[in-house]
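K.L.:
Below are the chains, spelled out letter by letter.
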Amino acid sequence: MYGLGILSGMVVTLKNFFRKPFTVSYPEQRLPQHPRFRGEEFTWYEERCTGCASCAKFCPLGIIRIVTHPGGTTPAEGDSYAIDVFDIDIARCMFCGLCVEACPYDALFMGSGFEEAKYRRRDLVISVERLRAAEKRPSTWYRPQLEGQAYDPRRDGSLPWQKAGREPWPYHLPQRPQAEGEKTTGEGTP
Amino acid sequence: MNAFLAGNSLMRGLYCWLAANQGNAQECSPGWQPGMAARDGLLPAGWEWLAFAVTASVAAFLVLNLFLLLAMFYTYLERRLIGRFQVRIGPNRTGPWGLLQPVADAIKLLTKESIIPDGADRWLFNLAPIAMVVTMFMVLAVLPFGEGTFIADINVGLLFLIAVTSVNALAVFMAGVASGNRYAMFGGVRAVAQLISYEVPMVLSVVGVLLLAGSLSLVDIVNAQRVPFLLLQPLGFFIFVVGASAEMNRPPFDTLEAESEIVAGYHTEYSGMKFGYFWLAEYSAVLTTSGVIATLFLNGWQGPLLPSHVWFLLKVFGLAFVFIWVRSTLPRVRIDQTMAFAWKFLLPLGLLNIFVTAAEILVLGQPQGEGRVFSTGGLWLMAGINVTVTIGSVAVFSRLVSLRTPALPVPAAHLSRVEAR
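The listed protein sequences derive, respectively, from chains A and B. Each residue of the first sequence is one higher than the one before, starting from 805 at the first, in this note's numbering. Each residue of the second sequence is one higher than the one before, starting from 118 at the first, in this note's numbering.
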């Protein structure tokens with residue numbers, strides 16, 4: 805008989821009518837986000853960066869531009885370069901994360917945000933000033949040490965540079981600072 | 118003139134307000150009277166029509182604008198409800214709960230450029246949206262919104278209504294032909310085929326109401342409904358609702374503006390406020406048609422406790438809810454299925470409905486004056502018979518009638534050409 809299929813279909817939509825909406829009102833309500841989400845902005849720790857430009861070399865699109873000059877630090881404190889320019893052109897970035905994988909010093913992280921829409925193309929270039937000023941909410945992608953501390957960028961907020969690396973000191977220091985309660989084995993011993 | 122103004126409290130109230138003697142209730146109470154304006158010293162005798170013209174203009178202005186407000190609210194309601202049917206929220210950004218969404222839509226449409234394509238027939242192209250909207254609003258002239266609240270109660274109200282709503286097809290075809298676009302043309306041709314086909318069962322379904330009420334005047338039809346005609350005419354109601362949703366180009370009968378087949382059908386080339394007119398006509402058609410259905414089958418403004426206008430609005434929005442519900446549920450049917458449904462299924466059912474109703478009136482009605490009256494028991498018996506007839510006939514006809522189109526015969530010449538290759 806015609807109509808019975810129609811009626812059962814109508815009942816289905818009527819049941820849907822009384823269900824709670826599946827969608828969320830985005831700016832006020834947000835869906836939970838995985839800590840490993842590869843966000844649009846990058847998190848960069850200047851204290852850890854040596855200016856080696858590994859990220860720029862490994863970028864498949866060549867969109868990272870780094871200009872450095874020999875920094876003011878004395879060789880005894882560990883020689884490093886001061887960063888003049890660190891431009892990441894996220895208009896062309898495909899968020900593969902190879903720059904983050906390439907960083908030997910745990911200085912560059914994927915971000916956790918996704919609201920980087922801009923009116924002008926040039927505004928999409930993340931400058932070193934923006935990287936310095938940005939709130940440090942690194943994604944835990946390719947950074948198992950962050951997952952080890954159960955860090956969640958959306959929940960826990962800003963992460964200090966001491967906690968971001970695999971070890972709590974910058975690798976480019978010639979000598980590993982002695983931690984409390986650690987046994988010294990002497991200079992030069994393997 | 119005075120005959121169809123009798124009992125018109127909307128016009129009387131407006132007249133009294135315009136004549137500024139509403140304090141004198143005795144003079145204004147018995148409704149529109151012959152020579153009212155002359156009696157009140159407003160106009161010389163014989164100039165009565167001027168008072169009527171002014172009052173009617175004001176009434177039309179009020180009704181039209183209130184209705185447009187309602188239609189605005191309805192577009193918002195439709196989008197919200199469809200959202201809920203699809204388990205999402207719907208527009209909720211513009212204003213509180215998104216209530217200003219129709220205003221935003223209107224501003225957007227008004228500020229957009231109205232493009233006339235090179236190949237278009239300019240006159241027809243500009244006339245089509247106007248024809249669509251005007252015919253839609255002419256329904257309001259005879260629709261009783263509440264007890265005594267109507268612009269005119271003409272003695273051929275139902276006929277007027279059918280005549281005016283069928284001009285819709287002409288407007289759609291005008292738009293399709295004038296656009297100079299093949300998709301618009303397809304939409305226009307489909308519209309003519311579909312709208313004219315569904316006109317027939319719709320009119321036949323109304324005949325049952327007409328037989329029971331014994332009058333074409335919509336006010337008399339409402340007054341004749343001691344019980345809603347939905348109970349006495351379930352088959353007619355079913356045919357009318359299906360036919361009306363086809364007349365309004367609403368899903369599941371929206372093949373004439375099927376997005377997946379012919380871009381947007383007849384209004385493909387329209388933009389700006391001209392498209393807005395079509396949009397407005399389609400949405401307000403739901404309200405006017407719901408109003409007509411409420412008047413013909415659901416008791417009109419009658420109802421206990423609440424004021425008559427509230428009852429009417431409740432019924433209109435209840436029916437609109439059903440239309441939205443159907444729209445959010447049913448997929449689009451093919452054009453050949455649409456046509457087959459009208460001619461093979463609805464038309465015989467409509468004829469059967471007329472036959473059954475007429476027979477019942479002859480058997481169960483007691484002659485009184487020119488018409489026939491029914492006892493309460495007779496009405497209940499009639500309702501029982503008609504519900505049984507509805508279920509039975511739909512079941513039987515759905516077995517008998519196949520909506521499947523026979524395979525098109527392929528011309529022999531074409532076949533041989535294909536084989537030769």
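For the record, the hints were derived by calculation from the structure and aren't laboratory data. By construction, the Cβ of each residue, glycine as well, lies at the ideal position given by its N, Cα and C atoms. Don't take every hint at face value.
[Unchecked claim] A few chain B residues that face chain A, going by a derived Cβ cut-off under 10 Å, partial list only: (1) Arg201; (2) Val204; (3) Arg205; (4) Ala248; (5) Pro448.
K.L.:
When the hints from earlier in the document are held up against this structure, which numbers fail?
P.N.:
Structure breaks hint 4 only.
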